[in-house]
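Residue numbers (my numbering), protein chains in the order written: chain U, 1 to 277; chain P, 1 to 277; chain V, 1 to 277; chain L, 1 to 277.
One thing to keep in mind: the hints can contain errors.
In silico EDC-like links for lysine to aspartate or glutamate, alpha-carbon gap of 16 Å or less [said to hold, decoys possible]:
no., chain 1, residue 1, chain 2, residue 2
1, V, Lys13, V, Asp30
2, U, Lys50, V, Asp209
3, U, Lys13, U, Glu74
4, L, Lys50, P, Asp209
I should point out that these hints are in silico values taken from the structure, not numbers from a laboratory. Remember, it's a predicted structure, so these values are computed and weren't measured experimentally.
There are 4 protein chains.
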Amino acid sequence: MAEEIKRSRLRQKLYIIIFHANTPLGKAFDIALIAGILISVLTVMLDSVKALHEQYGNWFMVAEWTFTILFTIEYLVRIYCIERPIRYIFSFYGIVDLISILPSYLSLLIPGSQYWLVVRILRVLRVFRILRLARYVSQANLLMHAIRQSRQKITVFFFSVMVLVTIFGCIMYMIESPQSGYTSIPRSIYWAIVTLTTVGYGDISPQSDLGQAIAAMVMLMGYAIIAVPTGIFTAELSNVLRGDIKQVDCPQCKKALHDKEAVYCSQCGEELVTASS
Amino acid sequence: MAEEIKRSRLRQKLYIIIFHANTPLGKAFDIALIAGILISVLTVMLDSVKALHEQYGNWFMVAEWTFTILFTIEYLVRIYCIERPIRYIFSFYGIVDLISILPSYLSLLIPGSQYWLVVRILRVLRVFRILRLARYVSQANLLMHAIRQSRQKITVFFFSVMVLVTIFGCIMYMIESPQSGYTSIPRSIYWAIVTLTTVGYGDISPQSDLGQAIAAMVMLMGYAIIAVPTGIFTAELSNVLRGDIKQVDCPQCKKALHDKEAVYCSQCGEELVTASS
Amino acid sequence: MAEEIKRSRLRQKLYIIIFHANTPLGKAFDIALIAGILISVLTVMLDSVKALHEQYGNWFMVAEWTFTILFTIEYLVRIYCIERPIRYIFSFYGIVDLISILPSYLSLLIPGSQYWLVVRILRVLRVFRILRLARYVSQANLLMHAIRQSRQKITVFFFSVMVLVTIFGCIMYMIESPQSGYTSIPRSIYWAIVTLTTVGYGDISPQSDLGQAIAAMVMLMGYAIIAVPTGIFTAELSNVLRGDIKQVDCPQCKKALHDKEAVYCSQCGEELVTASS
Amino acid sequence: MAEEIKRSRLRQKLYIIIFHANTPLGKAFDIALIAGILISVLTVMLDSVKALHEQYGNWFMVAEWTFTILFTIEYLVRIYCIERPIRYIFSFYGIVDLISILPSYLSLLIPGSQYWLVVRILRVLRVFRILRLARYVSQANLLMHAIRQSRQKITVFFFSVMVLVTIFGCIMYMIESPQSGYTSIPRSIYWAIVTLTTVGYGDISPQSDLGQAIAAMVMLMGYAIIAVPTGIFTAELSNVLRGDIKQVDCPQCKKALHDKEAVYCSQCGEELVTASS
Numbered sequence: 001m002a003e004e005i006k007r008s009r010l011r012q013k014l015y016i017i018i019f020h021a022n023t024p025l026g027k028a029f030d031i032a033l034i035a036g037i038l039i040s041v042l043t044v045m046l047d048s049v050k051a052l053h054e055q056y057g058n059w060f061m062v063a064e065w066t067f068t069i070l071f072t073i074e075y076l077v078r079i080y081c082i083e084r085p086i087r088y089i090f091s092f093y094g095i096v097d098l099i100s101i102l103p104s105y106l107s108l109l110i111p112g113s114q115y116w117l118v119v120r121i122l123r124v125l126r127v128f129r130i131l132r133l134a135r136y137v138s139q140a141n142l143l144m145h146a147i148r149q150s151r152q153k154i155t156v157f158f159f160s161v162m163v164l165v166t167i168f169g170c171i172m173y174m175i176e177s178p179q180s181g182y183t184s185i186p187r188s189i190y191w192a193i194v195t196l197t198t199v200g201y202g203d204i205s206p207q208s209d210l211g212q213a214i215a216a217m218v219m220l221m222g223y224a225i226i227a228v229p230t231g232i233f234t235a236e237l238s239n240v241l242r243g244d245i246k247q248v249d250c251p252q253c254k255k256a257l258h259d260k261e262a263v264y265c266s267q268c269g270e271e272l273v274t275a276s277s
Numbered sequence: 001m002a003e004e005i006k007r008s009r010l011r012q013k014l015y016i017i018i019f020h021a022n023t024p025l026g027k028a029f030d031i032a033l034i035a036g037i038l039i040s041v042l043t044v045m046l047d048s049v050k051a052l053h054e055q056y057g058n059w060f061m062v063a064e065w066t067f068t069i070l071f072t073i074e075y076l077v078r079i080y081c082i083e084r085p086i087r088y089i090f091s092f093y094g095i096v097d098l099i100s101i102l103p104s105y106l107s108l109l110i111p112g113s114q115y116w117l118v119v120r121i122l123r124v125l126r127v128f129r130i131l132r133l134a135r136y137v138s139q140a141n142l143l144m145h146a147i148r149q150s151r152q153k154i155t156v157f158f159f160s161v162m163v164l165v166t167i168f169g170c171i172m173y174m175i176e177s178p179q180s181g182y183t184s185i186p187r188s189i190y191w192a193i194v195t196l197t198t199v200g201y202g203d204i205s206p207q208s209d210l211g212q213a214i215a216a217m218v219m220l221m222g223y224a225i226i227a228v229p230t231g232i233f234t235a236e237l238s239n240v241l242r243g244d245i246k247q248v249d250c251p252q253c254k255k256a257l258h259d260k261e262a263v264y265c266s267q268c269g270e271e272l273v274t275a276s277s
Numbered sequence: 001m002a003e004e005i006k007r008s009r010l011r012q013k014l015y016i017i018i019f020h021a022n023t024p025l026g027k028a029f030d031i032a033l034i035a036g037i038l039i040s041v042l043t044v045m046l047d048s049v050k051a052l053h054e055q056y057g058n059w060f061m062v063a064e065w066t067f068t069i070l071f072t073i074e075y076l077v078r079i080y081c082i083e084r085p086i087r088y089i090f091s092f093y094g095i096v097d098l099i100s101i102l103p104s105y106l107s108l109l110i111p112g113s114q115y116w117l118v119v120r121i122l123r124v125l126r127v128f129r130i131l132r133l134a135r136y137v138s139q140a141n142l143l144m145h146a147i148r149q150s151r152q153k154i155t156v157f158f159f160s161v162m163v164l165v166t167i168f169g170c171i172m173y174m175i176e177s178p179q180s181g182y183t184s185i186p187r188s189i190y191w192a193i194v195t196l197t198t199v200g201y202g203d204i205s206p207q208s209d210l211g212q213a214i215a216a217m218v219m220l221m222g223y224a225i226i227a228v229p230t231g232i233f234t235a236e237l238s239n240v241l242r243g244d245i246k247q248v249d250c251p252q253c254k255k256a257l258h259d260k261e262a263v264y265c266s267q268c269g270e271e272l273v274t275a276s277s
Numbered sequence: 001m002a003e004e005i006k007r008s009r010l011r012q013k014l015y016i017i018i019f020h021a022n023t024p025l026g027k028a029f030d031i032a033l034i035a036g037i038l039i040s041v042l043t044v045m046l047d048s049v050k051a052l053h054e055q056y057g058n059w060f061m062v063a064e065w066t067f068t069i070l071f072t073i074e075y076l077v078r079i080y081c082i083e084r085p086i087r088y089i090f091s092f093y094g095i096v097d098l099i100s101i102l103p104s105y106l107s108l109l110i111p112g113s114q115y116w117l118v119v120r121i122l123r124v125l126r127v128f129r130i131l132r133l134a135r136y137v138s139q140a141n142l143l144m145h146a147i148r149q150s151r152q153k154i155t156v157f158f159f160s161v162m163v164l165v166t167i168f169g170c171i172m173y174m175i176e177s178p179q180s181g182y183t184s185i186p187r188s189i190y191w192a193i194v195t196l197t198t199v200g201y202g203d204i205s206p207q208s209d210l211g212q213a214i215a216a217m218v219m220l221m222g223y224a225i226i227a228v229p230t231g232i233f234t235a236e237l238s239n240v241l242r243g244d245i246k247q248v249d250c251p252q253c254k255k256a257l258h259d260k261e262a263v264y265c266s267q268c269g270e271e272l273v274t275a276s277s
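Input sequences plus hints: build the corresponding full structure.
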């Protein structure tokens, strides 16, 4: 039984190291993890450069397997020390964690070079794991809150942009000849998006006078319309920063941002305890 | 006479299904309509891709006629169940509804392949019909309100941009040789719009030193000037969001947004009834 | 002497028609003037298109001379009816008015086709005359006020951008080979402006790996830095719209915008009379 | 001893001229310095244009040496008259000042033409010296304050952009063929940055249908995401402008911006003396 307590203690210790960032060991673990992720992603990237692959390919492979084994250990420890492992495994980050290590093992089973490429690149999804750490940064919470607040308005905006882009894509498809690149409506809509968002590759561009006049209209629209998402987000963020929001971790569900007057967490109903009050 | 009452009941039922979104049947109708519009527009789009047209052309035609007949029935039912059909027929959405079905019938009368293309693409205007549903979304109302408020200022802004673009277009026409693409003043103005809006296709770009210096000026201007529409819209939206506006449907004309202190609808004079007060 | 009084009356009537927009005749004059300017500028533009010049060249010339004579009459009437003609002649709009008519007369004196082109295009400066009418639009006053308020900050911003662009231009000149288009520092700075302002022609673009890495940095900077002018203008416009400004024409100098608590005009010291108070 | 006092007086006089801008002599010195820096930087720039170098190369060299000697004298005087010379020498501007003059002397020691180029261009770093004068401009202080306030949020934003760009770069690397320019993951990430920031060179652009669809997604994201830095900076600047900040130079450390209610400098603890109170 002492054995069991000891093990449960170990589990809790590991849990605090891995899932909390406010202890020295937890911080060290987070930094090591970020470094590991970044180096491993960099390895995958550089391996895709032909010249480097030919010269350092073997080294990249060694690095890759080292990281894969380390991340596998980390993944197993996470499952071991968390209270509800099933919930973790099927959460977004649980799946990302699995995808981060699976490709290397799969590459042993599927030897075809074609699949090999896709599988290898899947490992880049590891960068997503870094986002997990962002939730410790209070500024990220504020930004996410403002983005969530403006989500509905941004959706309406995107919808209108899609309608606009479809109409203008079709108009250009009728006006411009296929020789200028407007070979089908989907491609013309692609052009409309390239133009409205002011990206402007120039791979497809209008040649006729009427086409250029309409393109000019689309550009001016895009130039003015960009005001809409900017305005939406700025207005919401101003509200958030003006202090309608207080930052206090819910003791149960860890939700970080609450309405200023909130006494109970709006997500789980737990009473909020603010240090200052 | 019982017959007549029955018919009038049917009309009202249909009216509620088609024109209101807050009953289960009305919601189902709206969703079916959106799905129908999107699939039918997608059909027109994919049909414009040569490879797909050759392979699935017949299927696209069948789909097209199915949707045309469904939309025709819907159009007739709308006319049947609305109180003032003439007003609907000549309203913006009435015309869009008609244009959405007319092209297919016209294509039977005009067999020439040239016109056929234009006529077919007109059917894409159906996407406009989706916007009709946007008015149910309260967020869209807020956005439209802010856009309407800033309309005058945006017009002044566009006017100034047009003057600027004309002047810079002419300057570049004088400075740059026609070989660089500045063959006429309208085309040079087109270049100025492409540059000021930061689209930058690169199909026309200055080659001389002086031309590049002036182009750099236009770019920096465009980079700074974009602040103006953004600033206008953000300031107006902030005002709207700050709560100078209340959202309550006028019982008569359905106007959704009113001044905070408004007691009567500013559009039709009807008294406003707010649920909360 | 009756003659003299009559003439003075005529002068005043003409003055009100030409310089004020709030009488029916004054409004009609303004609309006719805008139409005249737009058509005459359009004539100059279309005349620059080779195909149109060859076909309709004579008609364009007739139109041009008609407008030149009309604008000459207007110019002389302006000088005649204004109180201080010298001040008008040397004001910005007085010079623009003169430049609008001079080129046509000059073209009679200088027959060389080379100069002819430049001289002809100078007539496009007429579009500036439209801006004069903008001052009647109260919204334009608000915008100009906000722009004037943020002028100093925008200058500081442009200064920093120029320093940034110079540094990055030089770095790219060192890194990239002249074959990629980076033939001199001024041209490399031109590239840096094209990239930082997110225009992105693509006529000069980095080919080496290091060059692309630095270009990516410049792009991300440009993407973030655009927040600065936008933020400046939005903040200033918000202040203006929030009502720190009242709109009342000074009876002496016609300055339209004053501080909310202003009792005397800050420009000429005249007492302000507000209709409402 | 009189000699010593005299010398100390000279030192103080020079110190005021060089480091303060609010005396007539100090202002004159600043203007002369800006003019000198701008002309000397312009010389380096123009010298990089081949045609100009061949024609005026000798003149540029004379100008360069004149400025180098003047800046050397200025550098030595600065060291002479400042209280703590070591601190100045190793400060950011001290190093910039040294780099501004060193290259010319180094070019005498290292005669190789290859290094010569790099060394010559280092002199452009002189433009940084202009920024030193910006701190006298109160508007620059306000802007810097707002930027510093939003620093953390902008960092979070950039981090998310980097993750996004990595993912999309990898997706495009898998989808598009190397013939379209997507030869390696780093290059594909470069494309993703070019597209997301709406620069859009067009040197690498997707050719396949799927690639264009994903590119359209990246563009629309970039179009909406630009709202984030803009919103952050606007919200912070609004706070600063709304008057939460007072501008008063700390008598000890010269920090210019303080919280409105601040009585002591937050940087050095010195009591703040406001002229108005």
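To see whether the hints hold, each was checked on the structure:
Restraint check: the Cα-Cα separation between lysine 13 (chain V) and aspartate 30 (chain V) comes to about 15 Å, which is no more than 16 Å; the hinted pair holds. Straight-line distance between C-alpha atoms of lysine 50 (chain U) and aspartate 209 (chain V) comes to about 13 Å, which keeps the hinted pair within the 16 Å bound. Under the criterion of a C-alpha separation no larger than 16 Å, the hint pairing lysine 13 (chain U) with glutamate 74 (chain U) is consistent with the structure, at around 14 Å. For a cut-off of 16 Å, the pair hint linking lysine 50 (chain L) to aspartate 209 (chain P) stands: about 13 Å separates their Cα positions.
When each numbered hint is compared with the structure, no violation occurs for any of them.
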